[in-house]
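Number of protein chains: 2
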Amino acid sequence: MSVIKNDLKRPVRFTKPDRSKEHSMSEIKNDLLLKALRKEKVERPPVWMMRQAGRYLPDYIKLRDKYDFFTRVQTPELAADITLKPFHQIGVDAAIIFSDILVIPQAMGVEVLMEEGKGPSLPKSIKTQKDIDALNTNNVDEYLKYVFDALSLTKKELNGAVPLIGFAGAPWTIFCYMIEGKGSKTWDNAKQFAYTETELAHQLLQKITTITIDYLKAQTKAGADCVQVFDSWAGSLSPEDFKIFAQPYLLQIANAVKDFAPVILFPKGTWYALEDLSKSSASAIGIDWAVSPKQARALTNNNITLQGNFDPAKLLAPIPQIKKWVKEMIDDFGTQNYIANLGHGITPNVPVEHAKAFVEAVKEYQNQDLQN
Amino acid sequence: MSVIKNDLKRPVRFTKPDRSKEHSMSEIKNDLLLKALRKEKVERPPVWMMRQAGRYLPDYIKLRDKYDFFTRVQTPELAADITLKPFHQIGVDAAIIFSDILVIPQAMGVEVLMEEGKGPSLPKSIKTQKDIDALNTNNVDEYLKYVFDALSLTKKELNGAVPLIGFAGAPWTIFCYMIEGKGSKTWDNAKQFAYTETELAHQLLQKITTITIDYLKAQTKAGADCVQVFDSWAGSLSPEDFKIFAQPYLLQIANAVKDFAPVILFPKGTWYALEDLSKSSASAIGIDWAVSPKQARALTNNNITLQGNFDPAKLLAPIPQIKKWVKEMIDDFGTQNYIANLGHGITPNVPVEHAKAFVEAVKEYQNQDLQN
Chain H
37 MSVIKNDLKR PVRFTKPDRS KEHSMSEIKN DLLLKALRKE KVERPPVWMM
87 RQAGRYLPDY IKLRDKYDFF TRVQTPELAA DITLKPFHQI GVDAAIIFSD
137 ILVIPQAMGV EVLMEEGKGP SLPKSIKTQK DIDALNTNNV DEYLKYVFDA
187 LSLTKKELNG AVPLIGFAGA PWTIFCYMIE GKGSKTWDNA KQFAYTETEL
237 AHQLLQKITT ITIDYLKAQT KAGADCVQVF DSWAGSLSPE DFKIFAQPYL
287 LQIANAVKDF APVILFPKGT WYALEDLSKS SASAIGIDWA VSPKQARALT
337 NNNITLQGNF DPAKLLAPIP QIKKWVKEMI DDFGTQNYIA NLGHGITPNV
387 PVEHAKAFVE AVKEYQNQDL QN
Chain A
37 MSVIKNDLKR PVRFTKPDRS KEHSMSEIKN DLLLKALRKE KVERPPVWMM
87 RQAGRYLPDY IKLRDKYDFF TRVQTPELAA DITLKPFHQI GVDAAIIFSD
137 ILVIPQAMGV EVLMEEGKGP SLPKSIKTQK DIDALNTNNV DEYLKYVFDA
187 LSLTKKELNG AVPLIGFAGA PWTIFCYMIE GKGSKTWDNA KQFAYTETEL
237 AHQLLQKITT ITIDYLKAQT KAGADCVQVF DSWAGSLSPE DFKIFAQPYL
287 LQIANAVKDF APVILFPKGT WYALEDLSKS SASAIGIDWA VSPKQARALT
337 NNNITLQGNF DPAKLLAPIP QIKKWVKEMI DDFGTQNYIA NLGHGITPNV
387 PVEHAKAFVE AVKEYQNQDL QN
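Residue numbers (this note's numbering), protein chains in the order written: chain H, 37 to 408; chain A, 37 to 408.
Next up, chain H with everything else stripped away, as it sits in the complex:
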């Protein structure tokens, strides 16, 4: 029994991975990411890239042309294969499971359609108390079994080489899609709902939070060594509204999940929340390039590991320039309590060699340090 509606081109073949063997963190050979999350000393910063398994990789494009979006997401072998590609091809220090933040609305019983190149749409957006009451928050284990299977399979394939990152969308961002029914520049409808049906909005945000906590915990049981919460549309809110509609739910998730695995919060565009979030149960905060590394360190009082914040558009510059900028970025963040990453997802037009150069530049930083 599944509430997930999709347009599969072929039947989904579910694997039965062996979850009996627990993978402890000590088994991971390259545990730079986990060390940085625990604020332990590292010889160089770990590096990975948001959307590292995405459309800039020719091998991903081949799979995209063969299988539709939800087939890729819902077939553990495909999801695992896609997850592993950037580890093998780009040399990142972590794998992040290939999936989508909108599996949560699906698990709640809401239809999600994905048209290639057009973004998601949710034909039945949430409008009333009745709509909210009808949403499921239970049995995420069952509804999203394919994600956990993909994580277990990926974990097995990685064989402890690097950590595996799980993820979910943040409640405000999922709320935006569930109300708006599609992407938006301004999220007017989502905000109108939040501002006029405030009590209903909090009910919906709480429901999303509840199932997301279960979902992230289950991801850690299935093999995720840490998890990231993507609040892609947090920056559409004013500082005051972020504190009302986004921050409490992010904190709730960080509090509930922290004992299962380290949590990275990435509320894009919310420089104003950095101080508050640095005091949260999260192990790291992801930041975009609208805040400089030094500003971000100052705003967080050097209290928490930071992740980011290379402008993906800079990966379109010549390789020597990319390497120079990466060095400057690490100079400014410092090598400790830091995870090198982009400030947003890598874009499809980035040449693979440029993505590699970004990763190499972080790895080379170690040598420069040793030479000095």
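Don't read these hints as lab results, they were simulated from the structure.
Among these hints, one or two may not hold up.
All copies of an identical chain are treated as equivalent in the list; a pair is satisfied when it fits inside any one copy or across any two copies.
[Claimed, not checked] Restricting the straight-line Cα-Cα distance to at most 30 Å, the calculated cross-link-like pairs of lysine-lysine (BS3-like) are:
| id | residue 1 | residue 2 |
| --- | --- | --- |
| 1 | Lys279 | Lys399 |
| 2 | Lys315 | Lys330 |
| 3 | Lys359 | Lys163 |
| 4 | Lys121 | Lys253 |
| 5 | Lys392 | Lys279 |
Predicted model, so just to flag it, every value in this text is computed and none were measured.
Using the hints provided, position chain A relative to the given structure of chain H.
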């Protein structure tokens, strides 16, 4: 002789307004805006709304359905009529000339197409040194005569009731469109050009700056009592890149125009630049809602008049709620050295009564003050 290519449905009728009579500021009856720009004491903050003559007004929709975009922009009677509507219908304390930031690329010899509801496109985007060399920076008086005629006509119709605001796009924002050739979420191509062809980028930015300065000066001669520079895409840049590609050109404009009329700079999404800009020749800085009024005052050391920053999405909330928020906003900014406005353009889905309520709430603030 004109380089402007357009798709006029009917011939443009140019008026011959009388520019012989100079309008001094002292002639303006409601000069709250100009007082706020001069940091003079006001009995209440002035209020206007970005895009106040836009698609939320039914009378504008009627004209839009009758005349295409560039006909509306290039016909002084139409532009003046559209400019005056929100003054008459909504009661704002200033009129802002109806026009478009992309008249500057047009005056430089670049074709701009505007498809209703689809946004602008520039079929021949700038790619090479040759493209830049071919751009015109002279005779803005001639190429954009229709704007100056519209300003003179509006000024005459206003008869000194409220100030008239002129405007232009900021060099970085115009650069984005000229390189990208259309709107973009990420401005990847514009940034790639800036990062890889940096010298060419500065040549282009300087050319845009040069003609924009002439354009804004000419607007003040034609009747604009102050001017606003819209840097809508400034926030796509990191703090460091803003200082390289945006800020110097904004400062150049402010320096060159300040002796002709007060300048308002509105670089959206650049909270990090507020301190620097507060020390510029600008008379005010426009801010969006990603910075709180109190943060903005702190970042500018109370040194400059601030304009903003109501989230336009909040105009979709019930009227009593709008009025409550407006009061809180003014409480936080203070009544002096402040211009009440939105943090971005008003959206087409805002009910006219809600726009009126926003303006009324600012005007009512005075009474509350007097009662206390």
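Exercise. Looking at the structure, which of the earlier hints fail to hold?
Worked result: none
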